[in-house]
Structure formats: C-alpha cells, structure tokens
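A.B. asks: Residues per chain, in single letters:
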Amino acid sequence: GQNIDQPTEMTATEGAIVQINCTYQTSGFNGLFWYQQHAGEAPTFLSYNVLDGLEEKGRFSSFLSRSKGYSYLLLKELQMKDSASYLCAVSGQAGTALIFGKGTTLSVSS
Amino acid sequence: GAVVSQHPSWVICKSGTSVKIECRSLDFQATTMFWYRQFPKQSLMLMATSNEGSKATYEQGVEKDKFLINHASLTLSTLTVTSAHPEDSSFYICSVLGHRNTEAFFGQGTRLTVV
Chain A
1 GQNIDQPTEM
11 TATEGAIVQI
21 NCTYQTSGFN
31 GLFWYQQHAG
41 EAPTFLSYNV
51 LDGLEEKGRF
61 SSFLSRSKGY
71 SYLLLKELQM
81 KDSASYLCAV
91 SGQAGTALIF
101 GKGTTLSVSS
Chain B
1 GAVVSQHPSW
11 VICKSGTSVK
21 IECRSLDFQA
31 TTMFWYRQFP
41 KQSLMLMATS
51 NEGSKATYEQ
61 GVEKDKFLIN
71 HASLTLSTLT
81 VTSAHPEDSS
91 FYICSVLGHR
101 NTEAFFGQGT
111 RLTVV
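Going down the list, the sequences are from chains A and B.
The numbering used here applies: residue 1 is where the first sequence begins, and numbers increase by one.
The numbering used here applies: residue 1 is where the second sequence begins, and numbers increase by one.
So that you can see chain B by itself, here it is in the shape it has in the complex (with noise of 0.2 Å):
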C-alpha cells in the first residue's frame, strides 16, 4: 500500500490567519490526490481533487479561493485554508489510491481549530 505523511497533525490558528497543510506520498507517485473534510461525529467529505500540474477540480459548496490546492510535484499536495474562521475548525484529511487505482490510503489528518 501507500505511505502518505501530513502534516501538521494539529494547528491552532487566529480568526483572520492562513494555515497550510502538506500532504506527502512517500512511496509512490501520486499523480491525483484528494482532501477530504471532516467534521465532529460526521463522515469524510470530499472537498477537491488535487492533480498534479493543473487546477485542483473541487466539489460543489467548496469556495476554491479560500482553500487553496496546489499539487506541484508528484509527491506532493498543499491545502491552505485562508483567512480562517472558527466554523473552519475540523479534521482535515488528504488520501492517495493506491496502484490498483481504487483503494484509498490517508495521511495521518490535521485538527484545524480556529479560535
């Protein structure tokens, strides 16, 4: 399987500040990586997919000027979350597939909170 490495695990931020998250692919090439969203007691929401050297395609309700993909290389995938806000605050999840292209594996998750 994938090794995919996140960091940070965990950030506290200001109302107002931006914060980036950086997930890796240790071990294989990964051209599409997703991020996923997840709040409290809720389940993992897809957020975007990030491809390496074009635009991250995102999900509908997801302002892509407020979290920002960039994918420049085929290992990794940054996700910075702009000018934050408490309703921000959440788990923050990114998953590569794996070489049959179907099973995902994830980073370790950033806890997000914005105070």
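Next comes chain A alone, as it looks inside the complex (with noise of 0.2 Å):
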C-alpha cells in the first residue's frame, strides 16, 4: 500500500523556522516533492527531491532519507506570506501520478 504522513497543523511566529516532517511508505521510490498550496489555489512547487541529503532554495530546504522514508521542509525566517498548506508528494514511478500526504497547514503569527 501506499501511506505518506505529515502533521496536520503547525503553528509558528514571523522570523522563525519551522521543520515540517514527511513519512512515506510507497511500493516504489522516484523522487519527493514538497508544494504549497494558499486555500482555493493549485499547489505550487517548492522542492524536489531523488537522493539523500539537503536540497537548499533560497528560504526553503528539503531533505531526504530514503532509508528512513523521512523527508523534512524546513522554512526560515518565516514570512506572513508563508501561511499556507504544504503537501508532501512521493513519485513511485517515472510516468506516474504523484501520491500526496493530506498537508500541513501552517500558521504564521506576527
């Protein structure tokens, strides 16, 4: 089967950092994508991951452990802008559709 988890609420304050977690089991492994989505719009793409390690992107970062199944999103000095839900996607095949995790909504505080 297929199962990826992430939590479903975090809340933090502006200029902080925040650490979203990401858990995946999948029958195969083609890479993992982090995307934010405001309410009422289409996802957009953050970040994308195929090999173990740290992928960096101006604020944002997301690193892979495909021994683990764990990814993180890691966001620093957190902007208001910043609230939104972030969905975790895993692509168990070249060609095929990706599987999402049902999102973290994160709230930003001033």
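Honestly, the hints are just simulated from the structure, not real lab data.
Keep in mind it's a predicted model, so treat the numbers as computed, not measured.
Some hints here could point you the wrong way.
To be verified - Here are the simulated distance ranges between beta carbons:
{"hint": "1", "chain 1": "A", "residue 1": "68", "chain 2": "B", "residue 2": "42", "range": "24 to 32 Å"}
{"hint": "2", "chain 1": "A", "residue 1": "9", "chain 2": "B", "residue 2": "65", "range": "21 to 29 Å"}
{"hint": "3", "chain 1": "B", "residue 1": "54", "chain 2": "A", "residue 2": "67", "range": "32 to 40 Å"}
{"hint": "4", "chain 1": "B", "residue 1": "54", "chain 2": "A", "residue 2": "51", "range": "28 to 36 Å"}
Built from N, CA and C at the ideal position, the CB exists for glycine as well.
Now that you have both chains on their own, put them together as the hints suggest.
C.D. replies: Written as structure tokens, this is what we have:
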C-alpha cells in the first residue's frame, strides 16, 4: 500500500524557523516533492529530492532519507505570506501520478 | 516547466445537470494527464489517469460512468461530471508531468458547487 504521513497543523511566528516532517511508505520511489498551496488555489512547486541529502533553495530547504522513508521541509525567516498548506508528495514511478499526503496547514503569526 | 490551463475556474450548477471541465497543456504535448479532487481542508486525491487516444484509468472508488474523461488530443483532456449532486461539490484540478516525467504541473483548478 501507499501511505504518506505529515502533521495536520503547525503554528509559528514571523522570523522563526519551522520544520515540517513527512514519512512515506510507497511501492516504488522516484522522488519526493513539496508543494505549497494557498486556499482555493493550485499547488505550486517548492522542491524535489530524489537522492539523500539536503536541497537548499533560498529560505526553503528540503531533506530526504530514502532508507528511513523520511523527508522534511525547512522554512527559514518565516513571513506572514508563508501561511499556507504544505503538501508532501511522492512519485512512485516515472510517468505515474504523484501521491499526496494530507498536507500540513502552517499558520504564521506576528 | 509545463504550462497548464484549466477552465472554468469556478462553476455553479443545478443538481442533476452535467458539467465539463477542460484541461489544456499549452506548451508541450501531454500523452498523460491526471485528474485530482480536493475536498475542503483535505489533500489532493487522484481520481483518474487520462491517456491520449485510449480509455482513462480510474482509481478505486471513482465511478467511471459519473466522471467521464476524454483525452482526444495531446493537449486537451476533459472531465465531465454527469448528473451532478451536492456531494460532488469540490475543487477539481488537473496536472501533467514535465519533461523529466516526474514533476507535476497543475492547472488553476475548478471550484464546482452543485446546488
């Protein structure tokens, strides 16, 4: 079976750092994605990991450990506009649909 | 990345009527498109895989006779919600895979409200 777990909700304050964890169990693995989604809008791509390690892109970083079936998204210098849902998604096989976790709703307060 | 256009962005229809949603890949040919559904405060659930020139592949629990998918060209897939009911009210969104055949690019989504 396929299972992707991430926390339902998280809160943080402006300027802080937050880490959103994701664990997965899938029948295959061809990469892990993080997407940001604001209410009523389509998801937007944040990061892609296929090899173990950390990928950094500005204020956002994503980490992957394939042996542990684990990833995290790290958001630094939080801003109010970062309040959104963050979706962890796995590609089980090239050419197939991404499978999404339930998403983590992040609320950033001043 | 791929540019995906979805239309309409929102629609309100009466119970029992049918609604067609279009998904276009604007800058490259997509042999495969995916249709997802998202209920409020929930994640994207894959409904079906749309294959150009052949029948769509539906996920378990999705009624193929209710959610008709047509992928007649390499740039267009349509989802028709037939005999819509209030419980079909949801956010429907299509996606295509990019040139690496892994990353998903999404249309803008369609907010369907059945009254």
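A.B. asks: The structure should be examined with respect to each hint, and the outcome stated for every one.
C.D. replies: Each hint tested on the structure:
1. A/68 <-> B/42: 24 to 32 Å: holds (26 Å)
2. A/9 <-> B/65: 21 to 29 Å: At 37 Å between Cβs, range violated.
3. B/54 <-> A/67: 32 to 40 Å: Distance hint for residue 54 of chain B, residue 67 of chain A holds at roughly 38 Å.
4. B/54 <-> A/51: 28 to 36 Å: Distance hint for residue 54 of chain B, residue 51 of chain A holds at roughly 34 Å.
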